[in-house]
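Below are the chains, spelled out letter by letter.
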Amino acid sequence: MSNQVENDKKPSGLDTFLTNLKHLPQSFKDAAVRHGPPSSNRAASQSVFSNLFLHIHSVRTHRYNFKKTFTAGLGIASAASFIILVITGILLMIYYKPSLLEAYNSIKDIHFAVPGGRLMRNIHRWGAHIMVLAVFLHMIRVFMTGSYRHPRQFNWVVGMVLFAVTLGLSFTGYLLPWDQLAYWATTIGAQIAGSPVEVTDALGITKILDVGGMQMRLLLGADVVGEEALVRFYFLHCILLPLILTTFIGVHFWRIRKDGGMSRPSVITEDMLLGTPVDEVAEMAFPTKNKTYGLMCLVKGDSNNVKNSPKQTVQSWPNLFNYEMAIFILILAILIVLSFVSDAPLKEAANPSVPENPAKAPWYFLGLQELVSYSAFMGGVAIPGLAVLGLMLIPFLDKTRNESGIWFPDKGEKSVFKSSAIFSAIVILVTLVFTVNFGWLRNWFPHIPQIIIVLVNPGTLLTSLFVWWSLRILNKTGSTRLGAMAIFTCFIIGFVILTYFAYQHRGPNWNFYWWPSLWPAH
Amino acid sequence: MEEKKNSRRSFISKFAPATFWGSLAVWGGSLLKFTMPTLLPQETKKIKLGMPTDYPNGTIKVFEKDRVVLFSDSEGLFAISTICTHLGCVTKWTGKGFDCPCHGSKFDSLGEVVRGPAPKALKWYKIDKLPSGQLSLNLGESVDFGKKEQFYV
Ligand code: HEM
Ligand code: FES
Chain C
1 MSNQVENDKK PSGLDTFLTN LKHLPQSFKD AAVRHGPPSS NRAASQSVFS NLFLHIHSVR
61 THRYNFKKTF TAGLGIASAA SFIILVITGI LLMIYYKPSL LEAYNSIKDI HFAVPGGRLM
121 RNIHRWGAHI MVLAVFLHMI RVFMTGSYRH PRQFNWVVGM VLFAVTLGLS FTGYLLPWDQ
181 LAYWATTIGA QIAGSPVEVT DALGITKILD VGGMQMRLLL GADVVGEEAL VRFYFLHCIL
241 LPLILTTFIG VHFWRIRKDG GMSRPSVITE DMLLGTPVDE VAEMAFPTKN KTYGLMCLVK
301 GDSNNVKNSP KQTVQSWPNL FNYEMAIFIL ILAILIVLSF VSDAPLKEAA NPSVPENPAK
361 APWYFLGLQE LVSYSAFMGG VAIPGLAVLG LMLIPFLDKT RNESGIWFPD KGEKSVFKSS
421 AIFSAIVILV TLVFTVNFGW LRNWFPHIPQ IIIVLVNPGT LLTSLFVWWS LRILNKTGST
481 RLGAMAIFTC FIIGFVILTY FAYQHRGPNW NFYWWPSLWP AH
Chain X
1001 MEEKKNSRRS FISKFAPATF WGSLAVWGGS LLKFTMPTLL PQETKKIKLG MPTDYPNGTI
1061 KVFEKDRVVL FSDSEGLFAI STICTHLGCV TKWTGKGFDC PCHGSKFDSL GEVVRGPAPK
1121 ALKWYKIDKL PSGQLSLNLG ESVDFGKKEQ FYV
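Just so you know, the sequences run in chain order C and X.
The first sequence runs 1 to 522 under the working numbering.
The second sequence runs 1001 to 1153 under the working numbering.
The shape of chain C in the complex, shown without the other chains:
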């Protein structure tokens, strides 16, 4: 409000300029953020939907989503580790040189010479472990809470793509240091890609259709792990796979919104919301009837929002963002602590004539490595391929429409979970003890044809037993959900036990040892 008297006197150009200059920070802020500080509900809503980065969230969030025992924040934890990995990865790219001569030394430089380099490398390495773990646990959470059910089937499939690409990122990153561990893990991995040759050999058609060889050459750009493989892996790890992952994370988040927000049970009592943020205004602002927003009519099919009163929502700003930032900071803190406690490994430079003994893959591939030690094709291609396909199809084979959003929503799920866990644990342990003590077919019949070993080995035996068990549950209970619960539980228990077994009890020459301290010196 300028003064009346001064009104006829025009301010000089310089004055205007100086005033503008003085107000520069404020005017810039006003231009960037069009609303006031998020002090009112209205401004808080605007903060969410007028910001590119925040608008993937809805303006209000259901209180049930904050329940720590529901999601355990695992999806956010996966995303947080990915963001940290991208940042540290970009920094590592400044010094890393993807060539046979330089790769190993550049990692050494990063580790020992570059200021903060070791911390950066450690965080990147630990971040990869934590991300795989978080994604894995997140998938278990989504399954166990029945959250893949209609209308979220497609997002479960998107999730499986994220799962596969996450593992692909780990695998391709493993080669880059070009040390002994890297070289031999990649050699084994690439040969696994080439292992369909076992089958084409048995059928005698390798000369005509060498699927395995083609896969391997596509991956390595050659027949052996060398410069071509390093360049391809570098490209996959630093460009293609992160792009794919980012795109699909975008789709994943978009679909969460389009599928009606997160899954939740149809009746939510105040008791179930204990420990979640509260919004008193919501009580008054929203009518008592379970009315939905007008826009919901545009969304096809029924959505969860219809079932739940908007009364149980709170402002996303600041509640949801506090929650997300808390998880981000927690993950970052865990990574920094781990990075100070334990360094990322760097063995001697790659030596193609002497393998690391034992040459162990990173922990999440160790279960597969155990299976591969029975049959390369079955353990490395067929069984994991079937597992991924089976997981992907779960929402289309189990179409029950019961509750979702709570752990073990259907009757009898807990007991099927327990019995399947016990069944699979016993079956796996017996198989492992048996093979360690008595060997397998070739030890008894040295001239047995390879194709029989490919078809009948501890890996295929376990897989068939798991399938048989689940079909039995399916038949007995008549519930596809319980059948899915049985096979999923067997899969998880199998993964955990085989991983532990290969990590702890396999030593040089892949022999059985009780502890690593008993390994012979070599």
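It is worth saying that the hints were derived from the structure and are not from the lab.
Any given hint could be a false lead.
Said to hold, decoys possible - Rough simulated footprint, nothing fancy, chain X against chain C, three-plus residues with beta-carbon under 8 Å:
id	region
1	177-191
2	505-515
What the hints assert, rightly or not - Pairwise CB distance ranges, derived in the manner of DEER restraints:
id	chain 1	residue 1	chain 2	residue 2	range
3	C	Ala521	X	Gly1058	38 to 44 Å
4	C	Val496	X	Pro1037	34 to 40 Å
5	X	Lys1096	C	Phe253	56 to 62 Å
To be verified - Covered by chain C, according to a simulated footprint, are these stretches of chain X (three or more residues, beta-carbon under 8 Å):
id	region
6	1012-1020
7	1049-1060
8	1080-1094
By construction, the Cβ of each residue, glycine as well, lies at the ideal position given by its N, Cα and C atoms.
Since the structure of chain C is provided, determine the placement of chain X with the ligands on it from the hints.
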């Protein structure tokens, strides 16, 4: 009249998307083709072995760098690759056979599988006699399992 018009329209309305998807498919195929390596950078290495007389009956020579072991017995010379046929680790010559450190495959002294997941016997390489009478080990070419070469006569 009416019908003819419609069928032309429906032909075009099917033809246009088909062209689009068809050209995409061709393009996609060529992209895949691009990533498939044709120039395989694999040096077909030859090792000079010297004269046959340098390898009397009972000789066993390990070429660690080249991942091959050369044997000489009463039936002739032969060279066995130490690269495991399971997943490509390098086996170790133990004096009696070959042991693989990666998943425990074991091979006998001729390279035949005796234990573990390896699907087939170790590869045997070709040994050539050059015009000079010198022997040369050809790591680019393999021979049938059990083919020993007699070079003395
Ligand atoms: C890079 C990996 C992944 C990221 C960053 C990610 C992120 C997220 C986030 C932030 C949520 C919100 C809820 C929560 O925190 O649990 C979510 C939900 C969901 N995710 Fe993922 N996810 C990933 C992988 C997966 C995988 C492997 C699956 C399963 C195969 C999956 C399936 C789902 C489904 C179905 C939902 C909706 C759950 C519900 O409505 O209750 N996601 N994801
Ligand atoms: S690579 Fe030799 S046993 Fe697996």
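*Against which earlier hints does the structure fall short, listed by number upward?*
Violated: hints 3, 6, 7.
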